[in-house]
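Chemist: For reference, the chains in residue letters:
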Amino acid sequence: MEAIRIEGLRKHFGRVRALDGLDLCVERGLVYGFLGPNGAGKTTTLRILAGLARPSAGRAWVAGVEVGKGDVRHRVGYLPEVPAFYGWMTPREFLADLVAPLYGMRPAEGRTRAEEVLREVGLEEAAGRRIGGFSRGMRQRLGLAQALLHRPEVLLLDEPVSALDPAGRHEVLEHIGRLRGQATVFMSSHILADVERICDAVAIIDRGRLVVAAGREELLARYALPLLEVEFDAPMEEVERWMRTLEGNALVTGAQAAGRVVRLRVGEVERAKAELPALVAASGLTVQRYEWARPTLEDVFLQLVRE
Amino acid sequence: MGTLLRKEFREQWRTYRLLIVAVVLAFFGWSSPPIARYTPLLLKSIPGVPPEVSLLIPPPTIADAVGQYVKNVAQFGLLLALLVPMGAVALEKERGTAAMLLSKPVSRGAFLLAKFIALGTTFFSGLFLAALGGYYYARLLFPEPLEAGRFALLNLLLFLELLVYVALTLLASTLARSQATAAGLAAAFFAVLLIPGAFPQVGRHLPGELASWGSRLLLEGPAEPAWSALGISLGLIALALLGAWAALRRQEI
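Taken in sequence, the protein lines are chains X and F.
The numbering of the first sequence is the numbering used here, which starts it at 3 and goes up by one.
The numbering of the second sequence is the numbering used here, which starts it at 12 and goes up by one.
No lab work stands behind these hints: they were computed from the structure.
Please note that a few of the clues may not be correct.
What the hints assert, rightly or not - With the Cβ distance kept under 7 Å, some of the chain X side facing chain F (calculated, not the full set):
1. 54
2. 80
3. 82
4. 90
5. 100
6. 103
7. 104
Unchecked claim - Cβ pair distances, simulated, as ranges:
8. F/167 <-> X/167: 52 to 60 Å
9. X/12 <-> F/250: 29 to 37 Å
10. X/9 <-> F/192: 30 to 38 Å
11. X/41 <-> F/238: 56 to 64 Å
No residue lacks a Cβ here, since even glycine has one placed at the ideal position from N, Cα and C.
Model the full assembly from the supplied sequences, consistent with the hints where possible.
Modeler: Encoded structure:
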């Protein structure tokens, strides 16, 4: 069963095409990364799914309800890219007195749940302070708290950790990761290492269109860079001399040296895995490290977006 | 709706809007009868003013006190009706709090109505204080009788007049993307109502006539009713709110 389904979604702002026929399916219970360069249409997509913007064409469903046809807001938690609050309120008031009753929670339940989510996002000590004095990071934590308050089926998170320090990012990502199986998390992010760490599946969009959507491991395997890194314990001139001997070798499609480290791009990975150790050994140089480079999501992202 | 209303009332209180409206209206309400009573005396006491001038000024009456009260409260009320609600929706859209709130199960109609009710309550409270003080000082400083019920009716009509301008500013705030644009648009709406009001044949059908009607009732007893002004005022409030609702429904937040 899909938590989110998007079919041919288009959104124009005058002449600008923010979304240009986006198609996407997100299965229930996943933590799903939604990536793309600036202006790719991520925020627009999330705003349409949250019911704050209307598509120019195409359709979308969230938790089985078509966006714009039915009201799905009870079942969705939304964190905007820059969460905004009433500065004169405290987090406790915002969550317990405003957000919780809007989701039909009784006062006592709202208060209890507000305390719970404030603790989960690390804001329990600031619960009685005015939001007006909060840093961007604290606002982002509160934004996450309000999105989680009513235990939604689908969480739409637009750059949920962009304003957090590394420790805060780690903590919040851990929390998002723990939601796996309980809710579907659909999150956009520019920090690809974070997405790689917690997302089960990833979609990459560019210029309003889907470039690729797949499971994280499948994506990394599909776009695995056939790249070998060899680090020598030898003078740089000798390393470079050996590298030049590889020119014309059918096995190596490209070679690049950075100090004593040589990065070899190969055409046929399996054949290279069998034959390259002998070729390296034949150099007569001491090898300190011999490693097939594991591609990162960032490598895949850059490769796909450049293409 | 109840949750949104509580939020709006709390906002009126915490952001000092209620206090500002109450203080401004109360000040001008309370000070009007003393101004009417003592201005001629002040003029006489100014050195160099020829005695003929002071003879030209008739002794102040309760009608002067009521006139001063209506003029001050209506003028400053109008200014407040522009300044206080101009950011009600526009500022929320500008800051992003509207998006945060409207992504939750909240109807856009309830969002607007809660704001209008809270603003109306704020103006009602301010006018109530103004009326209390105004009545007290008018009774204290002038020997003529002043019927409390009719004075209350005058204030009710004044309140309705202010409510027209509050609704128009709320409409402007909904149509505009920023608070500054909302202020400009609201000022344009006000001008459309106020400029024709200068021509008596048109003016007697416009909201400004309500206060005159109230004054006549208070000072002259049974007076010619201004039903058309009352109907048009109520119609304008309804139209402004419906317009704001229709606009907000279509807007992307």
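Chemist: For this structure, which hints from the list above don't hold up?
Modeler: Failing hints: none at all.
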